[in-house]
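Fit chain Z to the known structure of chain A by using the hints.
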Amino acid sequence: MTTPNNELRVKASGVDIAGLRKSYGSNEVLKGIDLTVKPGEVVCLIGPSGSGKSTLLRCVNLLEQPNGGTIHVAGFETTDPEVNLDKMRQNVGMVFQQFNLFPHLTVLENCTVAQLKVLKRSKNDAEKTARENLERVGLGDFGGRYPDQLSGGQQQRVAIARALSMEPTLMLFDEPTSALDPETVGEVLSIMKNLAKSGMTMLVVTHEMSFAKEVADRVVFMDGGVVVEEGKAVEVIGNPQQPRTQDFLRRVLDPTHVDI
Amino acid sequence: MAMTTSQRARMSKTIQIGIFVIAIVAVIAAVDWDKTAYAFFSFDKLGPMFPDMILIGLKNTIFYTIISFAFGLVLGLILALMKMASFAPYRWFATAFIEFFRGIPAILVLLAFGFGLPQAFGTNWPQPVNVMFALGLVSSAYIAETLRAGLQAVPKGQTEAARSLGMPAWRAMVTIVIPQAFKIVLPPMTNEIILLTKDTSLAFILGASFAQYEMTKFGRDGISSLDAGITPLVVAGLFYLVITIPLSLVARKLESRSARTQR
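For the protein sequence lines, the chains are A and Z, in the order given.
Numbering of the first sequence is given in my numbering, commencing with residue 7 and proceeding in unit increments.
Numbering of the second sequence is given in my numbering, commencing with residue 10 and proceeding in unit increments.
Only chain A is shown next, with the shape it has when bound in the complex:
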């Protein structure tokens, strides 16, 4: 694994999902998913809305409770009823579509609160780590602001810095640019690209095909609660084999092309 900048090197962990099932009532949204993400690998989950890709992501750090199957992540078996979920989550960063910054805390406090209360770091250490990560997302001067004083793109970058401040070995991204104004999408994607270069393991639910093609080591196409097709990004996106993948990509890449 190549690392362009030594100070950004991260220790990475992987994900191993086997036979994952999840239902809401009688509606089965994940129908036996197998997926492996190797340490340092970047995997993009793509697929139509309702395909279960966000649910799959949320099962990884157990924001959703699976109904069956096993998940190993960052050295923890999250599906083991005895597992220490909080310990596991300290190692798994998550970035949400709606940012979910804490509106009553400053940008800096957003990045230090979990370090202080969960990792029990000293205030100095926590602020140092937070500032490093805010620098990393290009918001070093924004520590004293409140989230609602920032643009959507800036908020999402803070959310990334907040997750990175816990020094996770794996990052989950749940449609991180879907709620953004078009002109701020690029700044968030470029941060994610740098993060990928630093060797972070990333599992990304996204509709940004150019990002997936350029940054992802692997792309997984999901539809109807199953993995339909997976492989190298250029192959799945550039030369899809399954009709459902072809159909989906045609609609995403050329929105004016509609079969009526």
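Watch out, some of these pointers could steer you wrong.
[As the list claims (entries may be wrong)] In silico lysine-lysine, DSS-like type, Cα no more than 27 Å apart, as pairs:
| no. | chain 1 | residue 1 | chain 2 | residue 2 |
| --- | --- | --- | --- | --- |
| 1 | Z | K54 | Z | K44 |
| 2 | A | K203 | A | K238 |
| 3 | A | K123 | Z | K165 |
| 4 | Z | K165 | Z | K207 |
| 5 | A | K126 | Z | K165 |
| 6 | A | K123 | Z | K192 |
| 7 | A | K93 | Z | K262 |
| 8 | A | K203 | A | K44 |
| 9 | A | K238 | A | K126 |
| 10 | A | K37 | A | K238 |
| 11 | A | K37 | A | K126 |
| 12 | Z | K68 | Z | K165 |
Since the hints were derived computationally from the structure, they do not count as laboratory data.
This one's a predicted model, so the numbers in the text were calculated from it and none came from an experiment.
Chain Z in isolation, oriented as in the chain A frame:
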């Protein structure tokens, strides 16, 4: 006869002013001003009420309000959490408790504490303790509903973000959810304190030593002991405003200060 819009507006205004003037003239003519002044505004005869009205009455009203609210807040928080608990019997109990104490008059609860409990259990608590428990119980029912609504108004994504940073559920609650809920519940909570302030006037029903009198008691005693109509009650009423209006102002200030961090 057709009228233009501006003619109609002028006509409407003339009628409104006419009715207003007639009403005022009628009241002035009908009221016996000497009697009214005696009944409501005999401020010159109130000398004997002071300074006890302030040093004892105002002090006790504030004191009863604070201890009742403190007890009601703790109990209300417990009830709110019970109402959101996953264990169903907790929810049933909290619901029954809230419906009961919200549905009966505060004065009945006061009487129960002042006369019922001593008979049944031989309790012999000082009056302030009875007031604290009785009014605290009643207000906890309202506070619980307010807190529950406030806690549930904080978006679920906040808890998810906190949990995904490794915070245990209680930590996410204390550090992330409750501070945000606090800002949401501030206006209804101010209402609750104001209601409670006024409800302390019911304490007289339990009987009290002079040092335990609150403002309404002084007002009532003033009616019989001072030849001043109900002016003592008017003064008591004004002193309630001395408590409640600043409360509203402080709450409004806190609210506007936190408006920035409220989306």
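Violating hint indices (sorted, rising): 4, 7, 9, 11, 12
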